[in-house]
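Chains as they are written, first to last, in our numbering: chain A, 1 to 299; chain B, 1 to 658; chain C, 1 to 214; chain D, 1 to 478.
If you are wondering where the hints come from, they were derived from the structure by calculation, not from laboratory data.
Glycine included, each C-beta is placed from N, C-alpha and C at the ideal position.
A few of these clues could be false.
[Stated by the list, open to error] Simulated DEER-style distance windows between Cβ atoms: (1) C:L106 x D:R28: 50 to 56 Å; (2) B:I615 x D:G344: 28 to 34 Å; (3) B:G63 x D:E437: 37 to 43 Å.
[Said to hold, decoys possible] With a Cα cut of at most 25 Å, we get these calculated BS3-like pairs of lysine-lysine: (4) D:K464 x D:K265; (5) B:K465 x C:K213; (6) C:K213 x B:K627.
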Amino acid sequence: MSLALFLLYLVLSPLLMGVVNRTKSILAGRRGPPLLQLYADLWRLLRKGSVYSRTTSWVFVAGPVVSLAAAVTAGLFLAFGGLPAPLSFSGDFVLFAALLALARFATVLAALDTGSSFEGMGAAREVTFGSLSEPALFLCLLTVARATGSSSLSGMLGPGLAAAWTLAGPALLLAAIALFVVALAENARIPFDDPNTHLELTMIHEVMVLDHSGPDLALILYGASLKLYLFGALFVRIALGFEVTGVAAAGVLLLGLLAFGVLVGLIESVMARLRMARVPQLLVGASVLSAFGLVLLLR
Amino acid sequence: MSLALVLTGAVLAALSGLGAAALRRTPARAQRVTTAALVAGAGLGLLGALAALVGPVVSARAGWSAPFAALAFRLDPLSALFLVPVFAIPAAGSIYGLAYYPQASHGLSSVRLQVFYGLVTGAMAVLTVADTAVLFLAAWEVMALSGFVIVLTEHTREEVQRSAFVYLAAAHVGTLALFALFALLGSQAGSFDFARIAAAHLTPGPLLFGLLFLGFGLKAGLMPLHFWLPGAHASAPSHVSAVMSGVLLKMGIYGFLRVAGFFPSPPLALGFTVLGLGAISAVLGVAFALAQHDLKRLLAYHSVENIGIITLGFGLALLGRSAGDPSLVMLGLGGAVLHVLNHALFKGLLFFGAGAVDEATGTREIDRLGGLARAMPLTFVLFLLGAVAISGLPPLNGFVSEWLVYLGTLRALGSSSALAWSVLAAPVLALVGGLAAACFAKVVGIVFLGSARSPHGADAREAGKPMLRAMAILAAGCVLIGLFPGVIIPALHRAAAAWAGLDPALLSGPARSAASSAGLITASALALLALVGALAAWRARRTRGAAATETWGCGYSRPTPRMQYTGSSFAEMLTLRFAWAFFPRAEVRPPQGPFPAGASFGAHVPDTVLEVLLIPALKASAALAEKMRRLHSGLVQGQALLVAVTLVLLLSWRFLFW
Amino acid sequence: MPAWSEIVLILVVVIDFVLLASSRLRAVIRGAAMQGALLSLLPLFMAGRAELGHVLLLSLGALLVKGIAIPWLLLWAIREAAIRREVEPLVGFVPSLVLGALGVGLAFALSSAMPLPAPERHGFLVPTSLSTVFTGLLLVVSRRKAVSQVIGFLVLENGVFVFGLLLSDFMPAMVEAGVLLDLFAAVFVMGIVMFDINREFSSLDTEKLSALKD
Amino acid sequence: MIPVVLILVPLALAGLAFLDPSPRRRPRVLLVGGFAHLAGVLLLCADPGARALGGALELDPLAQVVLPTVSVLYAVCAIYAQGYLAARRDRENRLFVGGLLVLLSAMTAVALAQHLGLLWVAMELTTLSTAPLIYFSRNARSLEAAWKYLLVCSLGIALALLGTFFLALAGAAPGGPRSLLLAALVRAGPSLASPWVRAGFVFLLVGYGTKMGLAPLHSWKPDAYGEAPGLLGALLSGGVTSLGFVALARVVEVCRAAGELSFAKDALVVMGLFSMALAAVFVIGQRDFKRMLAYSSVEHMGILALGLGLGGVAASGAMFHTVGNGLTKGVLFLTAGNIHRSYGSKLVTEVRGAARRLPVSGPLFLVGFLALTGSPPFSPFFSEFTILNGALGTGRFLAGGLFLLFLSVIFVGMGSTVLAVVQGDPAGTPEVPAQGEAWVTAIPPLVLLGLVLALGLYLPPGLKALFDAAAARVVGSP
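Chain A extracted, bound-state conformation (with noise of 0.2 Å):
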């Protein structure tokens, strides 16, 4: 069961991005790409052949290749929809954040091998707002952790999490909502970041990636949306933490995507992206919030 949810997560994240852009688009009062636009695209861009900068070495193209392992890897430990992960240890959330910061660190050296002053900008920005949502993604998992007294994710999010809302449902909430900007700040979403904009300057994800075309460009799109679904997933779980199994909790995963897609595309229709300067305070603040969480559950 665990292994099929570990494909379904290989294989829907893309309809995960088209739900968002769906969402968008009908707010927004366009008809709007279909939802499968973006298997169509990867699709298309793997048949197409790619064009390389002569400052680049094989740094660039290791990029893609090297954050898209990670993140599927990543997949291998989270329990999605609170059936146990196909692999799981204590403290295995560590090796899932380390993962997900060794997808950025190669996107971000991939980014540098250009030489482009604007692929250094969005770098930059990446790795600044990367290190300040590290704590905070940190804070909420350790929130559970106390709250569910078990130190894996498969165990943090496992069935253990029902009885946790009834205790400590209040630091519970915090976390989830921490996690949440967390999640659109990993995934470069309003209002960190606008994905379909395309003026360079305003950018973080889109500009580290001007460069990348055709197979490399399928890469980066198809592992962005595999860290949108493996953060779907965990806020969905933790925001709906109860006892479910099987078939049930994968139905329950799937339907909490949906509304998390829904959700994501409604916030980037109603709201503006932050001025950059404004972000880290954003972060910030959801480092406190969970933090904030993690004490009452101390004391």
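Got chain A; can you put chains B, C and D on it based on the hints?
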């Protein structure tokens, strides 16, 4: 047996420099002989250490007729684990030195370097197995002074003299603090043998705290006491920097561990204090690193950061000891000691790399470099491995030790007492990890990627074979520990038991679970590598014959290297967050007149403690001393008066007040 | 007979005051010589159980050295170096007199506070010696010229000599010999040095001697 | 009978030197005297407790500690003198050689004297014999130094004589010892008249403290050491000052017997710490490296006084320190002399890169500095560590803390000066032709340093027992 091996290794290493001194006629051969001797000694020592890791605790004792002194040695798993870097890094360094600092071209200064380089190695090895205070102190000071000499290798350069002196002063003050520390311990325990001191079941008072932090913190480079470190590491030859930051600092940690181990149940306050210091060192260390422009200074500040991480683990272990929680001791100490080893490996690797860059380009200014990946591909790959490792990213060794520390915080999280608060070390560690990754993204990205930012390194060539070999050895260590952490867990288990003086059985629970988790880490790491390999293979097939062009400049068609992002601009957003701790100094030459000739802007972030606090304070006290000296007019009548006054004062003291 | 010695001792203290007060170098030297001569009488008066030969030797030596040789040496030095005749005090005469008086008072107080272990015949010796020592110190500290410092040292040694007399009847002769000998030697060497000072600096003003400082 | 010979032979040789017409041959006399003396001392140490002149001279433990040190230092300096005087042909060395030999005899007498009067005479002789030597270089500065040295020390010595008289008077009561023999005074013990013992101690502390150079009685030191030849500096700071310490210790011994020990100890601790403090103030930013050494000598005399004042373990540490300090000071002053000669300057601003120009003396200067500041495994480390132990072990935390504080400040202060002299590139600094490194002036300090190191690596058990015995005899066994 194991101890004998270690001591022989130590002696061989200590005397290795004689080869260089003796065969000065044929410098190349002399250096090979010295290196061979050092490597052989290190080999013996490592054998002994490994034997001690699996075998029983060995101790030996011989008379030494100096006051309070004896030649008492003890080799337990903890010492053995510290011995691994003590022998491994200098050996690799001496191989590196064959090409980096050849005797043939540097002559006498290279001879001096080799002699004291060996001496440092030997002293550190003896220090690690010393079982009595005076022997410990003697080895300690020999290490410190030889360290001073090798930092001073290029003693004609102004800043080298300056930083070497700062190092010497700091080292000496630390040593004096240790005098006091051991004198106190000795007087309380009635003996200077570590065993007897430990048996005395002392409880440390604030005075001992202070001396402990001052004496060992200075050597280890804990944050407020790190001031000597960046300069010394930056101005020493690179393989010396590698040894200093990879091993010499760890002697401070070792002493800290040893002495703290004497206290059976330290108060919780001690553990939390250590934890706090670790947090400060880690965060501010990496913050200062981000703000550096000099490659080696940057690496030096990362040593402060990593010492902080080690101290975090150590603090957890102390807390576990106070709370009587063996698992916490196991995880905390295990993490700390493993990070000691790991940091030695990747920091050595990185300093070697930095040295190679320095040699190839003639500058350490990050913002002047760029695109070296093409000129020195092998150096680049090895340096990249080091960078990934130090950023605590899987699948390399840095991650493993940090993971152990995280496990420690999780263990504390489970407790219902005040202990649980120590979990706040985890987000700190996360922040530090993120910042470190950012910092090394900057280093690798700016130095090796993109294209050259200045004439420097236009004609850079790949580093010499010995240098690459030395780097490859250390890189292999990083990869192996990263992929198969399971093999080292048992050693950590025994070390932790030895430190806490507990029965290993008590700690076997967490050790076993950690080992099994380590197995899963191996599995996932292999999975990751397999995935990367597969994708990479596929991409490699696809990329052949791809079109090549300029970097997309968003419509701008004539990009120049000068337009690239620099290290400073890359780090700016982050350093802004720490502006409160920095006192940047800027040299600005604004454009003037209707036809400005030239303008320039330069800024650097000096060390706050040294440049903003210490040196002004010293200057002030010197001025004060100068004022007081004015009182001393050379008049002979005044001198006679002094005698008379002293007589009167003493008389009145004796007959009126005493 | 004790009466005589007491008179002598009183004279010695009076001479202390004279030395502090007089502004002429020669006068000071003569005063010191006078004091030396007076002191050389003391052993004769106090010759108790001790055998006569030793006493004669002692007083003769004292007379030769303190009363004649050294004063002559100093006068010769002044002539040689053509030193101006003024004393040139750092501390004026009146203050030095007051200080001297204070010192004498202190000396008497101190010696009354310190009972002599043996029922000695001349309890007057101790205060005299202490006040003379004090005067000597005062002269050394408060006079500018090198010569006057030598005189100060001479006076100081006189004080010590007076104290030594307390012990003369049971102390081995070596001590007194020591006093005379190295008093002589010290001043002698100082004299030589002074001539060199004169050659180097063409004056005996020790304020020129303050080049060495930090 | 050896003690008397040890005192007379150098005197005889001094006479010979005065008579000898040839300035080239004269230094050889020094060599003869030094090594004859060394041999005699070794011979004497074969039977400890040897006495002469009815016990006025005796080789007690304290003498056994100090006399060999002085003798070794002297012999090494005698070798050095060959090279030094050969390099100073321009100057008349009759007085110099003669004075040095008188000094040797005087120092021996001080070390062996058990009679306070004899002790005092010998001490005075050391002053008289060294004063002209300070004036060796016959210039204004050295003259000024000699004058100040002579005046201050004579004052001190006069006060010391008065103090000696006080002690004699203290024992003058009918049935009292009525003698200045140490043994007699100690035997009389409590029966001594305490007010006179107290006053006597104060006067003797000032008197011999002046010879020792304890602050604030030190004022002659920087001038004398700064202007005198390095050779003399070595003998003064390694020999004469240590003997001042010996004299003081003898007095303290009497005080202990008379039950006046506690004040003596307090006074010594206070003066010792004050000396260290003053040295710290004057060492920071010191531009003249010979004056710096003088203040370092003040510091170490302070350490000796402190150790003696703390008593117990610390006192035996102080005994050990007399040896280590004596020999190490020899290293520093001799090498400093070499550097001074070769640069013709002793100012940090003008001297640079000594390690390059004087490949032996330069590094030796640095290593000597490290040894003196208590870096293991050199012997001063062990003595200073012992003293620290004595302080902290007996709960004197303030004293111990100040001790460490001053040590570290002085290290930083001296270090900056020493390093500025030793390292760097000598190019562009003043150079005196034909005054480069010569083995006869470079080897002697090396020998001394070897001894210092050897005593650190291996301290013969007998020697350690000797230190304890000497300390026990002065301040009582811990």
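The hints, checked one at a time:
1. C:L106 x D:R28: 50 to 56 Å: This hint holds: roughly 55 Å between Cβ atoms.
2. B:I615 x D:G344: 28 to 34 Å: holds (33 Å)
3. B:G63 x D:E437: 37 to 43 Å: Since B:G63 and D:E437 have Cβ atoms about 40 Å apart, the given range 37 to 43 Å holds.
4. D:K464 x D:K265: holds (23 Å)
5. B:K465 x C:K213: violated (59 Å)
6. C:K213 x B:K627: Roughly 13 Å separates the two Cα atoms, so the pair holds.
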